[in-house]
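Make a model of the complete structure from these sequences and hints.
Protein sequence lines correspond, in order, to chains E and U.
Take the first sequence: its letter number 488 is residue 488 in my numbering, and every next letter is one higher.
Take the second sequence: its letter number 291 is residue 291 in my numbering, and every next letter is one higher.
Hints are not guaranteed to be accurate.
[As the list claims (entries may be wrong)] Stretch-level coverage of chain E by chain U, calculated; a stretch enters the list once three of its residues show a Cβ under 8 Å from a Cβ in chain U: (1) 66-73; (2) 157-168; (3) 179-187.
FYI, nobody ran anything at the bench for these hints, they're computed from the structure.
Nothing here was measured: the structure is a model prediction, and the numbers come from that model.
Beta carbons: idealized from backbone N, C-alpha and C, even for Gly.
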Amino acid sequence: MDNVIGLAPWLVGFPLLGAAILLLGGKAADRWGHWLGVAASAASGVVGFILLAAMLGLPDDGRVLDHHLWTWLSAGGLDVDLGIRLDPLSVTFVMLVTFVGTLIHVYSVAYMAHDPHRRRFFAYLNLFVAAMLTLVLANSYLLLFVGWEGVGLASYLLIGFWDHERTNAVAAKKAFVMNRVGDMGLIAAMALMFATVGSVSFADVLPAAAGEAGPAGRLEPSTGTWTAIALLLLLAACGKSAQFPLQAWLGDAMAGPTPVSALIHAATMVTAGVYLMVRSATILEAAPTAQLVVVLVGGITLLFGAIVGCAKDDIKKALAASTMSQIGYMMLAAGLGPVGYAFAIFHLLTHGFFKAGLFLGAGSVMHGMDDNVDMRGYGGLSRFLPVTAVTMGLGWLAILGVPPFSGFWSKDRIIEAAFVGEGWQPWVFGTVTLVGAGITAFYMSRLFFMTFAGTRRWDDDHHPHESPFLMTAPMIVLAVGSVALGGLLAIGGTFTTWLEPVTGHVEHHEPVLPVWVITTLTLVLVLGGAALAFLQYAARRVPARAPHGSALTRAARRDLYQDPANEALVMLPGQVLTRTAVYADKAVVDGGWLGLAGSVTRAGDQIRKAQNGYARSYAAMTLAGVLVIAGVAGIAAAVTQ
Amino acid sequence: MFPWLTALIAWPLVAAAAVAASGRSRSGIPGPRATALTGALVEVALLVGAFAQFETGAAAEHQLAETYSWIPQIGASYAVGVDGVGLLLVALSVVLVPLVIAAAWREQGGDMTRLRRYLVLVLILEAFMVAVFSARDVFLFYVLFEAMLIPAYFMIGAFGHGPQRRYAAVKFLIFSLAGGLIMLAAVLALYFQAPADPTTGLRAGDAFLTDNLTGLAIDPVTERLIFCGFFLAFAIKAPLFPVHTWLPDVAENAPVGTSTLLICVLDKVGTFGMLTLCLPLFPEASRWAAPVIVALAVVSVLYGAIMAIGQDDLLRLIGYTSVSHFGFIILGIFTFSPLGTAGSSFMMLNHGLATGALFLVAGFLIARHPARSQLISEYSGLRTVTPVLAGMFLVAGLATLSLPGLATFASEIMVLVGSFEGSPAAALVAILGVVLAAVYVLLTYQRIFTGKPAEGLGALPDVGGRERAVAGVLVAALLVLGLVPQLALTYVDSPADRTVAAVEGSNQ
Numbered sequence: 001m002d003n004v005i006g007l008a009p010w011l012v013g014f015p016l017l018g019a020a021i022l023l024l025g026g027k028a029a030d031r032w033g034h035w036l037g038v039a040a041s042a043a044s045g046v047v048g049f050i051l052l053a054a055m056l057g058l059p060d061d062g063r064v065l066d067h068h069l070w071t072w073l074s075a076g077g078l079d080v081d082l083g084i085r086l087d088p089l090s091v092t093f094v095m096l097v098t099f100v101g102t103l104i105h106v107y108s109v110a111y112m113a114h115d116p117h118r119r120r121f122f123a124y125l126n127l128f129v130a131a132m133l134t135l136v137l138a139n140s141y142l143l144l145f146v147g148w149e150g151v152g153l154a155s156y157l158l159i160g161f162w163d164h165e166r167t168n169a170v171a172a173k174k175a176f177v178m179n180r181v182g183d184m185g186l187i188a189a190m191a192l193m194f195a196t197v198g199s200v201s202f203a204d205v206l207p208a209a210a211g212e213a214g215p216a217g218r219l220e221p222s223t224g225t226w227t228a229i230a231l232l233l234l235l236a237a238c239g240k241s242a243q244f245p246l247q248a249w250l251g252d253a254m255a256g257p258t259p260v261s262a263l264i265h266a267a268t269m270v271t272a273g274v275y276l277m278v279r280s281a282t283i284l285e286a287a288p289t290a291q292l293v294v295v296l297v298g299g300i301t302l303l304f305g306a307i308v309g310c311a312k313d314d315i316k317k318a319l320a321a322s323t324m325s326q327i328g329y330m331m332l333a334a335g336l337g338p339v340g341y342a343f344a345i346f347h348l349l350t351h352g353f354f355k356a357g358l359f360l361g362a363g364s365v366m367h368g369m370d371d372n373v374d375m376r377g378y379g380g381l382s383r384f385l386p387v388t389a390v391t392m393g394l395g396w397l398a399i400l401g402v403p404p405f406s407g408f409w410s411k412d413r414i415i416e417a418a419f420v421g422e423g424w425q426p427w428v429f430g431t432v433t434l435v436g437a438g439i440t441a442f443y444m445s446r447l448f449f450m451t452f453a454g455t456r457r458w459d460d461d462h463h464p465h466e467s468p469f470l471m472t473a474p475m476i477v478l479a480v481g482s483v484a485l486g487g488l489l490a491i492g493g494t495f496t497t498w499l500e501p502v503t504g505h506v507e508h509h510e511p512v513l514p515v516w517v518i519t520t521l522t523l524v525l526v527l528g529g530a531a532l533a534f535l536q537y538a539a540r541r542v543p544a545r546a547p548h549g550s551a552l553t554r555a556a557r558r559d560l561y562q563d564p565a566n567e568a569l570v571m572l573p574g575q576v577l578t579r580t581a582v583y584a585d586k587a588v589v590d591g592g593w594l595g596l597a598g599s600v601t602r603a604g605d606q607i608r609k610a611q612n613g614y615a616r617s618y619a620a621m622t623l624a625g626v627l628v629i630a631g632v633a634g635i636a637a638a639v640t641q
Numbered sequence: 001m002f003p004w005l006t007a008l009i010a011w012p013l014v015a016a017a018a019v020a021a022s023g024r025s026r027s028g029i030p031g032p033r034a035t036a037l038t039g040a041l042v043e044v045a046l047l048v049g050a051f052a053q054f055e056t057g058a059a060a061e062h063q064l065a066e067t068y069s070w071i072p073q074i075g076a077s078y079a080v081g082v083d084g085v086g087l088l089l090v091a092l093s094v095v096l097v098p099l100v101i102a103a104a105w106r107e108q109g110g111d112m113t114r115l116r117r118y119l120v121l122v123l124i125l126e127a128f129m130v131a132v133f134s135a136r137d138v139f140l141f142y143v144l145f146e147a148m149l150i151p152a153y154f155m156i157g158a159f160g161h162g163p164q165r166r167y168a169a170v171k172f173l174i175f176s177l178a179g180g181l182i183m184l185a186a187v188l189a190l191y192f193q194a195p196a197d198p199t200t201g202l203r204a205g206d207a208f209l210t211d212n213l214t215g216l217a218i219d220p221v222t223e224r225l226i227f228c229g230f231f232l233a234f235a236i237k238a239p240l241f242p243v244h245t246w247l248p249d250v251a252e253n254a255p256v257g258t259s260t261l262l263i264c265v266l267d268k269v270g271t272f273g274m275l276t277l278c279l280p281l282f283p284e285a286s287r288w289a290a291p292v293i294v295a296l297a298v299v300s301v302l303y304g305a306i307m308a309i310g311q312d313d314l315l316r317l318i319g320y321t322s323v324s325h326f327g328f329i330i331l332g333i334f335t336f337s338p339l340g341t342a343g344s345s346f347m348m349l350n351h352g353l354a355t356g357a358l359f360l361v362a363g364f365l366i367a368r369h370p371a372r373s374q375l376i377s378e379y380s381g382l383r384t385v386t387p388v389l390a391g392m393f394l395v396a397g398l399a400t401l402s403l404p405g406l407a408t409f410a411s412e413i414m415v416l417v418g419s420f421e422g423s424p425a426a427a428l429v430a431i432l433g434v435v436l437a438a439v440y441v442l443l444t445y446q447r448i449f450t451g452k453p454a455e456g457l458g459a460l461p462d463v464g465g466r467e468r469a470v471a472g473v474l475v476a477a478l479l480v481l482g483l484v485p486q487l488a489l490t491y492v493d494s495p496a497d498r499t500v501a502a503v504e505g506s507n508q
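Shown next as structure tokens:
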């Protein structure tokens, strides 16, 4: 390991360099820029693979490494190194980000082939990879925050990539601002960490939360403090991972090109909140109340997203709702404590593969359908896009959790873990995850059937066709992952054991229901959801225009009124406040000073008249000044005597 | 030893004289622009020399010091010297001036006579700025504090583009004079606190030296009164809510170069004065006033940001963002934590770089508009027309919203985390400013650069080499200081410790 750890900075360095060259290179780089982007991402992946191999050669207890680069910020009692933490958790993310990321780079070469600004697109993609790797490799919350907002910037730039349409620019801004609402939590959490522990580095904060002595700040750490820190971190996680109540930006973020949705808004960036929770495991464990809130947020979001997903006709927005819901599962698992961490990350990994595959498939369908995203205008496309249909079909089976596909191994374990515990909690949480699985089966089957099954609903202007090899190849690779990755890593507990240096060893916990009952129930619900979707969207004709629908359907179509709620609660009061403030600044604050100046001038006028008009207008001010001087000096002199 | 600071103060005056005499004939003599730029770059070279002499290990001490008796009858000296904070602010002044000159290349509509006068004033102002950050004599500081107003007044009123430039200039002058006169009273009152010879009743010929006025045993009521005199002058300069109202008018009406120097450098005299005069000279009064000042600082943070969101005039908007940022700086100073104080000191530098970039890039933008409009609502869709300009504006904007990785982030997080120690409630409320900053920057970018190009703006030229160089220097500085903030923090860390120790020490 010692001989290869020096390569670690290049994980970030290659894509960062790629982004810089692409941005500053100008038009000269237009011809080869996209391949440079692919190469930069791939180079980072190679470094990641070397480090993974080296880490596998280390004993279990030697797999948490801090690699110091330089003193980043050291002043006023705060000491932060710019350094890299390599451990099974960060290396897992490195592999996911660089592997899926490189595939999506390749896909984009073809997908963006006709865009005049393809070079800029690849620059932003490289920037994203660099920021995402900074996020997961950071060895302190402060450096994590650099990556955290860095991916937010990349997301902003890519959602608004086609910002000649104002709506896309608005969606980009909405994402950034809502993320910043969450980021306040991370800033406040760091302030609290510094006040209690005197540090924001993982190596100091995390052991301190576990009750191990370390450097001390001014406050005595208590359960209350850790609860506050955990909840503030959760706020940040909610923003980044589109969890309730900061979920409203994700649907709009689909304004970005589809590869962006696949990489950033499905496979990697949006899962950063789950990473933050698992990374902060000891803090959560020191704050049981906060853990409960994490589970609640996850549970609410998984149902919220699932319900919304059932009503969306826009294929990308349906997938976005699904992403929200699946991250809800991961969040819930992370809140369950040690019993859930490994499964949260495991589901994050398998989801990264099958959801990226599904999004790339959606992009392929759009590519063949002249960028139409309305599934009511699809139907019977499997004949025209056979590769897309098969790869998406495998992703569909994976997200449904059908054995032996990837999602089965990860989601089923989360459902089992949710049933572990005492009192009312396992029953409620377990039921939520079970119901969620059923709804997931319904909306994902709906999406699949509306697109590929049934009869055609498009007119003769469309000529659906399969995508070029550069697009289908990444889809095939991801489909293989959707099929096999879960089983490969689950057998013998390979993945959970691998994560143990970070998540700790967990003894087996017996759920409140026997495991076979839970698995059977899950499969029955999944089958039921899929069958329902089949009856409605494959066996029957799908209306080309959406029917009026029930109140719930209409609410779900409008994302359960998240935007009107935000407008009423935040934006409208904000606009009123802004207008009032602008008026008051002129009328009251500035007006007050002008009034004061006016009265001084009038007093000056009186004196001027008495002196037959020698003084010029500002003399009045000077006079007032002199009077004040005399007054203050007099008082000062009087006091001194 | 070579008098680095005196050289740094005197050289711009020499350069100003050269500019005044330059290019009157057509005999191949360099024109005023080339002369001014050369002069300003030589000043940068002098700055490098001064940095080389400065020992960071003793950054809390005044170095490069020179002391000469000036008016011994009243105890005034010509005493200059800088600690780490002063040196960074001198550096900010010296670095921004050549950029402002380069950015002003086509100012004043090609009228070379007017441009010459403007550049002369810029260089004179530079001398005053360097001097005021180096002054170690309270009387000298006061004189410079007032003298700066003269070039600044003309740089607003005589060269501005806004229709109300004269009004803005007079408003600036009156606000500043009012503050200055109150400060004069405080300066005099402070002088009478200096120990006098018991027999003659006279005070020493160097009684005004800052060092001689530190640690005086002053009666609490008097100390508070004198503190208020100084603080009010600094608060107007900084500016702090509610005495900020001159600033948006100036930003709207002055040329962007003037605004850059005025708001990014000159206003720092306010926060610099709070840090280096108010706190060490009046520690007890500083603690006494802190709750009110911290509250006003937090109000400034939010108020400035909300006002910025509500503006349509781009330059006025940038002016208000500075009200918000000065709120952060003052919050860090008056919560008395070493981290927050160091953060504020660093932020004084970074705000100058980031807001300077924003002002100058906004100037490039406005200069391209056929009617020189400053109203955001008259722009649209320029990203497709002038992509490089759009990129520059966005990067400057991201620096203004303190994006991590840029220098502004390091200082803002230090202020927030540090002030949380001193006043958790204030820090938590101020964090809201982080969200508001995202709104005012990205909303502005959205309105100007996204969507379809507005009518008449479809064929504007993108930025040229000169403009790229100006923005490039500032962006590079923000990036380097963001990745290695330690480069600057070594200059402010120990002064921060010393200042906080002085305030806390008086509490024993």
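Cross-check of the supplied hints:
1. Against chain U, the region 66-73 of chain E contributes 4 residues with a C-beta closer than 8 Å to a partner C-beta. That satisfies the three-residue criterion, and the hint holds.
2. Closer than 8 Å: that is the beta-carbon criterion, and the region 157-168 of chain E has 6 residues meeting it against chain U, so the requirement of 3 holds.
3. Counting residues of the region 179-187 of chain E whose C-beta lies closer than 8 Å to any C-beta of chain U gives 5; at least three are required, and the coverage claim holds.
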